[in-house]
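Asker: Single-letter residue listing:
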Amino acid sequence: MKKLHARMRWLAWRKPHVARWSQVVLIVLVWFACDQLSRRFHWPVPGSLLAMALLLLGLMAGVMPAAGLRRGADWLLAEMLLFFIPAVMAVWQHLPLLREQGGRILLVILAGTALVMATTAVLVDLMFRWSRRRAH
Amino acid sequence: MRTEWLSLLWLAITLGGYFALKPLYRRHPRWWTSPLLTVPLLLAAAGLLLGMDYPVYIRDTHWLVLMLGPATAAFALPIFRYRRLIQRHWAALLVGVLGGSAVAIGSAWALASWCGLDDAVRRSLLARSITTPLAMLMSADIGGVPELTALFVVITGVAGIALGELLLRVVPLRSALARGALFGVGAHGAGTAKAYDIGAEEGSVASLAMVLAGLLNVLMAPALAVFLR
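Protein chains in written order, with the working numbering: chain A, 27 to 162; chain B, 127 to 355.
Since the hints were made in silico from the structure, they are not lab data. You can trust all of the hints, since none of them are fake.
Distance windows between CB atoms, simulated:
#, chain 1, residue 1, chain 2, residue 2, range
1, B, L292, A, L121, 28 to 34 Å
2, B, C241, A, L30, 54 to 60 Å
3, B, A266, A, R130, 21 to 27 Å
4, A, A104, B, L175, 27 to 33 Å
5, A, A87, B, D179, 44 to 50 Å
6, B, P155, A, E126, 31 to 37 Å
7, B, R152, A, P70, 38 to 44 Å
Partial pick of chain A residues on the chain B-facing surface, computed with a CB cut under 7 Å:
#, residue
8, P72
9, S74
10, L81
11, L82
12, L103
13, M115
14, L136
15, A137
16, T139
17, L141
18, T145
19, T146
20, A147
The beta carbon of each residue, even a glycine, is placed where N, CA and C say it ideally should be.
One chain only, chain A, in its complex shape (with noise of 0.2 Å):
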């Protein structure tokens, strides 16, 4: 085990691009398996969720050294929008709901989200204040 977490730190050290696409594979392979799992057996919790508790699990035990998985992890977490545009072109099958209630749409999203931005941001704040009293 310690020879070969020598040898992925020794991968992503000299060879940053092989050691990246490597990882990257790997993350996918572990999200593939758990989502196979999810689905075979209708777990409620999502195969994404699941790998990342096996990731996170296999780092916290030392099974997994933080630098066999950083660099994928960083690329497919920098890549993220990406993912995400394909999805908005949605839009094109919705076009005449859109059309008639985009507006109302839009506004509830915006007015939903300023409000939760601020609930969130205040109560953390809060906490985090209090916290700090507590502890001087």
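Model the placement of chain B on the given structure of chain A, informed by the hints.
Answerer: For chain B alone, kept in the frame of chain A given last:
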């Protein structure tokens, strides 16, 4: 043109547009330069020429959407990296996520009813604050249209990046914790990407808040479905 070639062309335009327009966002990180807005605009312009046919478009590009699964799994790394931060502030995060999610669902329902939107649209709006794969799952559970939800999720993302920027300028938030949680709970993955632009600590808090909010919503969906019947 044959459908297969057209689908491939759409994939090429999507990828090409993304990698061509991303440097613009690098140089001027604003909500209106976000690839989430500029690339769909480019695609819409191309759609006027090639025809706006969603089934043809998604035929080859659905691989990209599938990658959201591994991308969600990749959040394990930032969470691991900032585990100390999370251990120290788990209570604040939990309160923020719980409160934020409650407001997300409550405000969507109340505002949509007030605006007189269709029931299917109203139900599809409830899951809009959480990350796409989970939102589509939750939407199906509570009687929404998953595809519409995916669309609302993305609109929320773009809106959230813009609103978050504005909020940070107006409201003085002292902790990276609050700055990150705001983006994670309010604008899921898109907000998390924005939070990483502000700082690594904000980004990892945002990703954790996003994951927590998503989990909470999905687990609560069956109960919500009974409640909304």
